[in-house]
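A.B. asks: Chain residues, written in single-letter form:
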Amino acid sequence: MEFEAAAALGKYIGAGLACLAMAGAGIGVGHVAGNFLAGALRNPAAAKEQTATLFIGIAFAEALGIFGLVVAMLLLFAV
Amino acid sequence: MPADATPDEGGAAKLEAIEARIDALRAARRPKRLGAEEKVSAAALAWRMTTELVVGVGLGFAIGWWIDGAAGTKPLFLLIFGALGFAAGVRTMLRSAQEVSRREARGAEQTGASAPPARPGPGASADGRQTTRG
Amino acid sequence: MAQSEDGGLHIDPMSQFLVKPLFGGEMGLFTITNATLWMALAVGASSLLLIGAVKQRALVPGRAQSVAELLYGFVRQLVVDITGEEGLKYFPYIFTLFVFILFSNLLGMLPYSFAVTSHIAVTGVLALMVFVTVTAIGFIKHGAHFLGFFWPKDAPGPLRPVLMVIELISYFVRPISHSIRLGANMLAGHAVLKVFAGFVGALGVFGVVPLAAMVGLTAFEFLVAVIQAYVFAILTCVYLNDALHMH
Numbered sequence: 247m248e249f250e251a252a253a254a255l256g257k258y259i260g261a262g263l264a265c266l267a268m269a270g271a272g273i274g275v276g277h278v279a280g281n282f283l284a285g286a287l288r289n290p291a292a293a294k295e296q297t298a299t300l301f302i303g304i305a306f307a308e309a310l311g312i313f314g315l316v317v318a319m320l321l322l323f324a325v
Numbered sequence: 226m227p228a229d230a231t232p233d234e235g236g237a238a239k240l241e242a243i244e245a246r247i248d249a250l251r252a253a254r255r256p257k258r259l260g261a262e263e264k265v266s267a268a269a270l271a272w273r274m275t276t277e278l279v280v281g282v283g284l285g286f287a288i289g290w291w292i293d294g295a296a297g298t299k300p301l302f303l304l305i306f307g308a309l310g311f312a313a314g315v316r317t318m319l320r321s322a323q324e325v326s327r328r329e330a331r332g333a334e335q336t337g338a339s340a341p342p343a344r345p346g347p348g349a350s351a352d353g354r355q356t357t358r359g
Numbered sequence: 014m015a016q017s018e019d020g021g022l023h024i025d026p027m028s029q030f031l032v033k034p035l036f037g038g039e040m041g042l043f044t045i046t047n048a049t050l051w052m053a054l055a056v057g058a059s060s061l062l063l064i065g066a067v068k069q070r071a072l073v074p075g076r077a078q079s080v081a082e083l084l085y086g087f088v089r090q091l092v093v094d095i096t097g098e099e100g101l102k103y104f105p106y107i108f109t110l111f112v113f114i115l116f117s118n119l120l121g122m123l124p125y126s127f128a129v130t131s132h133i134a135v136t137g138v139l140a141l142m143v144f145v146t147v148t149a150i151g152f153i154k155h156g157a158h159f160l161g162f163f164w165p166k167d168a169p170g171p172l173r174p175v176l177m178v179i180e181l182i183s184y185f186v187r188p189i190s191h192s193i194r195l196g197a198n199m200l201a202g203h204a205v206l207k208v209f210a211g212f213v214g215a216l217g218v219f220g221v222v223p224l225a226a227m228v229g230l231t232a233f234e235f236l237v238a239v240i241q242a243y244v245f246a247i248l249t250c251v252y253l254n255d256a257l258h259m260h
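Chains as they are written, first to last, in the working numbering: chain A, 247 to 325; chain B, 226 to 359; chain C, 14 to 260.
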């Protein structure tokens, strides 16, 4: 009984911790977009061709955050 | 105008003139609309690439999990297919990035040719096809 | 519902997605549920617009007919832009998909309605249909050459099997991400609206703040409803283009 309660507690704490991945994703996306904007303001002519690269960076950063979310969901509903 | 009233010759010419005017007006309006459209589709694109990456990894892990369950080799295939799935996700993502930048290049080409036809005729779209396929 | 009698914080964002039998009784394979009802309504509404409004075939279109014509022309241009003239053969299919998703999304925005497209089962079937159709078209057009899609010719020898597995997985990624994107967007949007509705009930007078946020969110959700239908149609065209031209 005690053990089960502890396991549930650990589950919820772990899920909460896993959501911290989103903080990292937020920082990452901010870095990518901010640096892109800084570069684009310096050389607006070249910015248009680099949007695909921008999205690759954003997608990578955001995907890591979503992995954290998936881990949290797994902890909550599958473990 | 009732549907069965067949327009005579003068009416047809008039209609064509109206059509041309509508096309011209549409062409004049087009750039403004593209700006808003582009921004929205940019967000949709970022979201699309993210899901592709995540789904790639997830699918890889699922396949690995399934093979492990069938063969009884617990972590081996999970790891292998997790890595392969990540590669597949990146591959899909890069492909969609490529496709979008190709389309963008084509769009720049079209707007660069000063007065673009309001409705790209067969010739224009054939050109576009070639750049897309190459 | 989202708010309780005593005004306390009581948020239940997921119960709106429950599939319930409309006329009671057991849930079977052919039970008429609220999902069935709203799908039928989507089909009915789109038929009303696309058949009913265009029936007169007026040379100078009225309001309803212009909307229908605009919709038609928009999707047709999309298909031509992405797949070229060869893709026009498949335009009815893409147009049907687009209109069905658009109407389900928009009908889902009505209060007390049911968002059909927020169910991954619905979007999954739509994406699976696209996947099977496109793969079949590829095989019919190119025969066994279509398998060359998965065989990287310009890679060094020993790497090829590994790359083939990667290509194969990435081919199967597409229907899954295709369905998840639409389903997750609608699910998240409706759940967020419900959560904010719960705040309105809980905060009393200060509920005006989340209420204002909800007005903005509702507008945003309408945008998302249209955009997601558009994206679904675009990606169908892209996959079709891959099958038709194989690059």
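Among the hints, a few may not be true.
[Claimed, not checked] No farther apart than 16 Å at their CA atoms in a straight line, the calculated lysine to aspartate or glutamate pairs in the EDC-like style are these:
(1) K207/C x D25/C
(2) K154/C x D25/C
(3) K294/A x E324/B
(4) K68/C x E82/C
(5) K294/A x E329/B
If you're looking for bench data, these hints aren't it; they were derived computationally from the structure.
A.B. asks: Hint by hint, say whether it matches the structure.
C.D. replies: Hint-by-hint comparison with the structure:
For the given pair, K207/C sits about 7 Å from D25/C by alpha-carbon distance, which is consistent with the 16 Å threshold. The hinted pair formed by K154/C and D25/C fails the criterion: a straight-line CA distance of about 50 Å is larger than 16 Å. With a CA separation close to 15 Å, the supplied pair K294/A and E324/B stays within the 16 Å bound. Annotation: proposed proximity of K68/C to E82/C holds, straight-line Cα distance about 12 Å (limit 16 Å).
Restraint check for K294/A and E329/B: satisfied, since their Cα atoms lie roughly 9 Å apart, inside the 16 Å limit.
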